[in-house]
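For the sequence shown, position 60 matches number 498 in this note's numbering, and the numbering has no gaps at all.
In short, the hints are calculated from the structure, not lab data.
Given the structure is predicted, the values throughout are model-derived calculations rather than measurements.
Cβ coordinates follow ideal geometry from the N, Cα and C atoms, glycine included.
Watch out, some of these pointers could steer you wrong.
Stated by the list, open to error - Below, computed lysine to aspartate or glutamate pairings styled on EDC-like, alpha-carbon distance capped at 16 Å:
#  : residue 1 : residue 2
1  : K549      : E497
2  : K517      : E497
3  : K549      : D480
4  : K509      : D554
5  : K509      : E477
6  : K508      : D554
7  : K517      : E488
8  : K514      : E497
9  : K493      : E529
10 : K503      : D554
11 : K514      : E488
12 : K509      : D545
Stated by the list, open to error - If you anchor each label on the Cβ, the simulated ranges turn out as follows:
#  : residue 1 : residue 2 : range
13 : N535      : F471      : 50 to 58 Å
14 : H463      : T546      : 27 to 35 Å
15 : L524      : E477      : 33 to 41 Å
16 : I472      : E519      : 58 to 66 Å
17 : T499      : V467      : 48 to 56 Å
18 : T516      : L485      : 29 to 37 Å
19 : S526      : L494      : 34 to 42 Å
20 : W530      : V467      : 28 to 36 Å
21 : H463      : N492      : 39 to 47 Å
22 : Y538      : F471      : 38 to 46 Å
23 : S465      : K503      : 52 to 60 Å
24 : K468      : S547      : 29 to 37 Å
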Amino acid sequence: MIKKILKFDDVEGKVYELENWKPSHGSEVKKYFINKSNELKDEYIKLVNEFNLNKLIFESTITFKPIMGKKYYLYKNTKNERFLSLISPEEWNKKTNLEYLGAFRQDTSLKWVSID
């Protein structure tokens, strides 16, 4: 036997049975949690991508102390070694066998962000 729970509306003085509104409100609550979980999933994917980008740069050779906000360029040489440089792709001698991987700068939290 299902017992009905009553809700009293103090403003209009009406009495509602909770079972009457649960189906319609349940779908709204479900939609909220689905949307929220999708937002969290998107944030997680973004966080993992940011982590992998920073890992890639920190595992590269850096022979100088980077300055926050300054633009740096990531390359890969013929030995498959990555290194960070102050020199843009346009400034290199055309005969170099470097693969340009992207331009980056550190934000205020010293996290590397892509600026390409």
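Okay, the hints, checked on the actual structure:
1. K549 to E497: holds, 14 Å
2. K517 to E497: Given pair K517, E497 holds - Cα atoms ~15 Å apart, limit 16 Å.
3. K549 to D480: violated, 19 Å
4. K509 to D554: holds, 10 Å
5. K509 to E477: Not satisfied, since the Cα-Cα distance of roughly 31 Å exceeds 16 Å.
6. K508 to D554: holds, 14 Å
7. K517 to E488: Violated. K517 to E488 sits at ~26 Å, over the 16 Å cutoff.
8. K514 to E497: Status holds; Cα separation ~12 Å.
9. K493 to E529: Violated - the C-alpha atoms of E529 and K493 are around 26 Å apart, more than 16 Å.
10. K503 to D554: It is violated: about 21 Å lies between the C-alpha atoms, which goes past 16 Å.
11. K514 to E488: violated, 20 Å
12. K509 to D545: holds, 11 Å
13. N535 to F471: 50 to 58 Å: Holds - the Cβ-Cβ distance for N535 and F471, about 52 Å, lies within 50 to 58 Å.
14. H463 to T546: 27 to 35 Å: Since the Cβ atoms of H463 and T546 sit about 43 Å apart, the hinted range of 27 to 35 Å is violated.
15. L524 to E477: 33 to 41 Å: Holds, at about 38 Å.
16. I472 to E519: 58 to 66 Å: Given a distance of about 45 Å, which is not inside 58 to 66 Å, the answer is violated.
17. T499 to V467: 48 to 56 Å: Between T499 and V467, where Cβ atoms are some 52 Å apart, the hint holds.
18. T516 to L485: 29 to 37 Å: Hint holds: Cβ distance 33 Å, inside 29 to 37 Å.
19. S526 to L494: 34 to 42 Å: violated, 19 Å
20. W530 to V467: 28 to 36 Å: violated, 57 Å
21. H463 to N492: 39 to 47 Å: holds, 43 Å
22. Y538 to F471: 38 to 46 Å: The hint (38 to 46 Å, Cβ to Cβ) holds, given that Y538 and F471 are roughly 44 Å apart.
23. S465 to K503: 52 to 60 Å: holds, 56 Å
24. K468 to S547: 29 to 37 Å: Given about 36 Å between the Cβ atoms, the range holds.
Of the hints listed earlier, those the structure fails to meet are numbers 3, 5, 7, 9, 10, 11, 14, 16, 19, 20, in rising order.
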